[in-house]
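Undergrad: Here is how the chains run, residue by residue.
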Amino acid sequence: MNPDRPLFIPVILGTPRRGRMSEHAAELMRAQIELRPGVRTELIDVAALPIPTDDAGETAKDAAFSEKISFADALVIVAPEYNHGYPGLLKHVLDTNLREYIHKAVGIVGVSAGVFGGARVIQNLIPVMRELGLVTIFWDVNFTTVQSKFDESGALVDESFLPRIAKFLDELVWMAETLRYGRSHVTIGGSS
Amino acid sequence: MTCPRCGYHPMNHQADKLTYPVTREEAESITSVMDGVIEEVFSCPNCGWIESRRPDPNGST
Numbered sequence: 001m002n003p004d005r006p007l008f009i010p011v012i013l014g015t016p017r018r019g020r021m022s023e024h025a026a027e028l029m030r031a032q033i034e035l036r037p038g039v040r041t042e043l044i045d046v047a048a049l050p051i052p053t054d055d056a057g058e059t060a061k062d063a064a065f066s067e068k069i070s071f072a073d074a075l076v077i078v079a080p081e082y083n084h085g086y087p088g089l090l091k092h093v094l095d096t097n098l099r100e101y102i103h104k105a106v107g108i109v110g111v112s113a114g115v116f117g118g119a120r121v122i123q124n125l126i127p128v129m130r131e132l133g134l135v136t137i138f139w140d141v142n143f144t145t146v147q148s149k150f151d152e153s154g155a156l157v158d159e160s161f162l163p164r165i166a167k168f169l170d171e172l173v174w175m176a177e178t179l180r181y182g183r184s185h186v187t188i189g190g191s192s
Numbered sequence: 193m194t195c196p197r198c199g200y201h202p203m204n205h206q207a208d209k210l211t212y213p214v215t216r217e218e219a220e221s222i223t224s225v226m227d228g229v230i231e232e233v234f235s236c237p238n239c240g241w242i243e244s245r246r247p248d249p250n251g252s253t
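Residue numbers (the numbering used here), protein chains in the order written: chain A, 1 to 192; chain B, 193 to 253.
Hints were generated in silico from the structure; no laboratory data involved.
Beta carbons: idealized from backbone N, C-alpha and C, even for Gly.
Among the hints, erroneous ones may be present.
The following label-pair restraints were derived from C-beta to C-beta distances [claimed, not checked]:
1. A:Ala31 <-> B:Ile222: 28 to 36 Å
2. A:Ser153 <-> B:Pro247: 50 to 58 Å
3. A:Thr59 <-> B:Met226: 37 to 45 Å
If the Cβ cut is set under 7 Å, some of the chain B residues that face chain A in the computed set are [stated by the list, open to error]:
4. His201
5. Lys209
6. Leu210
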């Protein structure tokens with residue numbers, strides 16, 4: 001056993017579009033996680049993953065991405081809302097793995113140019129998360145009118161988001177620690 | 193199962209996940225009750241690595 005192993009909570013930037021403002025939100029989340037002791041993180045950009053789009057499952061896996069997800073204790077998914085849904089590439093990338101997600105925590109950050117802050121993309125992602133074996137937390141972060149929340153350099157201009165992000169991460173870390181214990185020590189069917 | 197990354201033994205059998213078939217062979221093995229294929233998922237208590245395997249058809253794990 002290695003009790004000193006830090007939690008690993010990568011942030012997945014879930015859109016490949018040019019000019020994506022979700023990138024600022026994802027970088028903010030990464031930076032906020034990095035401030036937490038005992039937690040390490042990194043940004044995973046779906047646009048940078050060499051995953052083919054004409055295949056699926058094990059044969060389409062990117063080994064480096066799968067390794068990161070395998071060692072992850074939780075995920076933060078930053079997802080813009082496109083026509084009330086999630087980006088197609090995000091779903092394709094997520095679908096290349098399965099066992100790597102099982103009994104791990106996930107928090108979703110919704111991003112939109114409108115006033116709903118990605119609420120609908122979050123609702124659409126939740127059943128996908130469940131089927132992947134991820135455990136959703138009850139906090140979300142919603143970047144409403146994202147174009148007004150960051151300046152051109154990507155700096156947050158509305159600091160009222162920080163307390164909400166802190167609550168989101170408090171819950172995510174709690175769930176990550178609890179599920180790590182469960183994955184390590186609680187055997188399925190062990191009490192039957 | 194022994195962790196292929198750090199050698200810790202035993203990994204913890206933490207889940208049985210129903211997975212959906214990708215290949216024709218897998219699709220032919222599903223039944224109307226088990227609408228997919230069971231995958232046994234193991235976690236390494238030492239390094240955190242995740243592994244999985246199909247159950248032993250003879251019943252032992």
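Undergrad: All hints are to be evaluated individually against the structure, with a verdict given for each.
TA: A quick look at each hint next to the structure:
{"no.": "1", "hint": "A:Ala31 <-> B:Ile222: 28 to 36 Å", "in the structure": "violated (45 Å)"}
{"no.": "2", "hint": "A:Ser153 <-> B:Pro247: 50 to 58 Å", "in the structure": "holds (53 Å)"}
{"no.": "3", "hint": "A:Thr59 <-> B:Met226: 37 to 45 Å", "in the structure": "violated (24 Å)"}
{"no.": "4", "hint": "His201", "in the structure": "violated (12 Å)"}
{"no.": "5", "hint": "Lys209", "in the structure": "holds (6 Å)"}
{"no.": "6", "hint": "Leu210", "in the structure": "violated (9 Å)"}
Of the numbered hints listed earlier, those contradicted by the structure are 1, 3, 4 and 6.
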